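K.L.:
Sequence lines, in order, name chains A and B.
Sequential numbering of the first sequence, starting at 32, is according to our numbering.
Sequential numbering of the second sequence, starting at 53, is according to our numbering.
Source of the hints: derived by calculation from the structure; they are not laboratory data.
Accuracy of the hints is not assured; some may be wrong.
What the hints assert, rightly or not - If the Cβ cut is set under 7 Å, some of the chain A residues that face chain B in the computed set are:
id: 1; residue: T34
id: 2; residue: W35
id: 3; residue: L38
id: 4; residue: P40
id: 5; residue: C44
id: 6; residue: N48
id: 7; residue: E50
id: 8; residue: T54
id: 9; residue: A55
id: 10; residue: T67
id: 11; residue: P70
id: 12; residue: V71
id: 13; residue: S72
id: 14; residue: R90
id: 15; residue: V116
id: 16; residue: I117
Unchecked claim - Pulled from the structure, derived: some chain A residues nowhere near chain B, Cβ distances all over 10 Å:
id: 17; residue: L103
id: 18; residue: N107
id: 19; residue: T110
To be verified - Derived pair list, reagent style DSS-like, types lysine-lysine, alpha-carbon separation capped at 27 Å:
id: 20; chain 1: A; residue 1: K58; chain 2: A; residue 2: K45
id: 21; chain 1: B; residue 1: K132; chain 2: B; residue 2: K108
id: 22; chain 1: B; residue 1: K93; chain 2: B; residue 2: K104
id: 23; chain 1: A; residue 1: K49; chain 2: B; residue 2: K93
id: 24; chain 1: A; residue 1: K52; chain 2: B; residue 2: K104
id: 25; chain 1: B; residue 1: K93; chain 2: A; residue 2: K52
id: 26; chain 1: A; residue 1: K83; chain 2: A; residue 2: K39
id: 27; chain 1: A; residue 1: K52; chain 2: A; residue 2: K39
id: 28; chain 1: B; residue 1: K132; chain 2: B; residue 2: K104
id: 29; chain 1: B; residue 1: K93; chain 2: A; residue 2: K83
id: 30; chain 1: B; residue 1: K108; chain 2: B; residue 2: K93
id: 31; chain 1: B; residue 1: K93; chain 2: B; residue 2: K132
id: 32; chain 1: B; residue 1: K104; chain 2: A; residue 2: K58
id: 33; chain 1: A; residue 1: K49; chain 2: A; residue 2: K39
id: 34; chain 1: A; residue 1: K58; chain 2: A; residue 2: K83
In this text, all values refer to a predicted model and were calculated from it rather than measured experimentally.
All residues carry an ideal CB built from backbone N, CA and C; glycine is no exception.
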Amino acid sequence: MDTWRQLKPLEWCKYVNKEVKVTAHEKQQHHGWVFTVDPVSASIVLVTFQEKGGTPTVRVVTGHAVQEVEVLQEGNEETAGRLRVIFTPPGAHTLGP
Amino acid sequence: PTTISASTETGTDSVEIGEEQRARSALRESFLRTLIAMTNKQVQFHMYERVKVEAKFGASDIDVLNFQVSELQTPIGVQKEALLRCQDVISYSFDL
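Chain A with its partners taken away, still in its complex shape (with noise of 0.2 Å):
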């Protein structure tokens, strides 16, 4: 899938926090909770939870790799939270404009 390089930023963002499952060269499927696509590379990140807290599995599929990116399921608070707090060091704090 080539025009997923080709998305605008704003539309990479409507996956943001959703679980979803990539499709990518060789047929290697990933599925995850999408943390951020980057603008530059189009590579998605995925985070996967371990049962009973262990620690999250991160897997980065380079954005000329990705063939197909479907959406399993719809993003919720609690997820967006835990997302952000893992890449988030301690004492950091969000630019602002």
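Dock chain B against the given chain A, drawing on the hints supplied.
P.N.:
Okay, now just chain B, sitting in the frame of chain A:
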């Protein structure tokens, strides 16, 4: 050539450009946080031809064209320092 340029459609008004820039910066900031989280971690790289290698992630250039890694474990031995071309990588993963 892998860098994606900003929208250049004519007739896009400034409000839309502002929204797009906000979205772009939020997405980019999160991606940079991902790279920071990956620093000094063991990362598994899935390359083309079903090659899988593991290395300690060091840094990326701003266009995400190359990754600098250490202790790259290859089928012919361990490479102490290496650059991986991101074009050759399908995906990569690490534990937080």
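K.L.:
Hint by hint, note whether the structure agrees.
P.N.:
Here's how the hints hold up against the structure:
{"no.": "1", "hint": "T34", "result": "12 Å, violated"}
{"no.": "2", "hint": "W35", "result": "11 Å, violated"}
{"no.": "3", "hint": "L38", "result": "9 Å, violated"}
{"no.": "4", "hint": "P40", "result": "4 Å, holds"}
{"no.": "5", "hint": "C44", "result": "5 Å, holds"}
{"no.": "6", "hint": "N48", "result": "11 Å, violated"}
{"no.": "7", "hint": "E50", "result": "17 Å, violated"}
{"no.": "8", "hint": "T54", "result": "11 Å, violated"}
{"no.": "9", "hint": "A55", "result": "5 Å, holds"}
{"no.": "10", "hint": "T67", "result": "3 Å, holds"}
{"no.": "11", "hint": "P70", "result": "5 Å, holds"}
{"no.": "12", "hint": "V71", "result": "6 Å, holds"}
{"no.": "13", "hint": "S72", "result": "4 Å, holds"}
{"no.": "14", "hint": "R90", "result": "4 Å, holds"}
{"no.": "15", "hint": "V116", "result": "11 Å, violated"}
{"no.": "16", "hint": "I117", "result": "6 Å, holds"}
{"no.": "17", "hint": "L103", "result": "18 Å, holds"}
{"no.": "18", "hint": "N107", "result": "18 Å, holds"}
{"no.": "19", "hint": "T110", "result": "14 Å, holds"}
{"no.": "20", "hint": "A:K58 / A:K45", "result": "24 Å, holds"}
{"no.": "21", "hint": "B:K132 / B:K108", "result": "10 Å, holds"}
{"no.": "22", "hint": "B:K93 / B:K104", "result": "16 Å, holds"}
{"no.": "23", "hint": "A:K49 / B:K93", "result": "26 Å, holds"}
{"no.": "24", "hint": "A:K52 / B:K104", "result": "21 Å, holds"}
{"no.": "25", "hint": "B:K93 / A:K52", "result": "25 Å, holds"}
{"no.": "26", "hint": "A:K83 / A:K39", "result": "37 Å, violated"}
{"no.": "27", "hint": "A:K52 / A:K39", "result": "20 Å, holds"}
{"no.": "28", "hint": "B:K132 / B:K104", "result": "17 Å, holds"}
{"no.": "29", "hint": "B:K93 / A:K83", "result": "22 Å, holds"}
{"no.": "30", "hint": "B:K108 / B:K93", "result": "5 Å, holds"}
{"no.": "31", "hint": "B:K93 / B:K132", "result": "15 Å, holds"}
{"no.": "32", "hint": "B:K104 / A:K58", "result": "15 Å, holds"}
{"no.": "33", "hint": "A:K49 / A:K39", "result": "17 Å, holds"}
{"no.": "34", "hint": "A:K58 / A:K83", "result": "30 Å, violated"}
Checked against the numbered hints above, the structure breaks hints 1, 2, 3, 6, 7, 8, 15, 26 and 34 and satisfies the rest.
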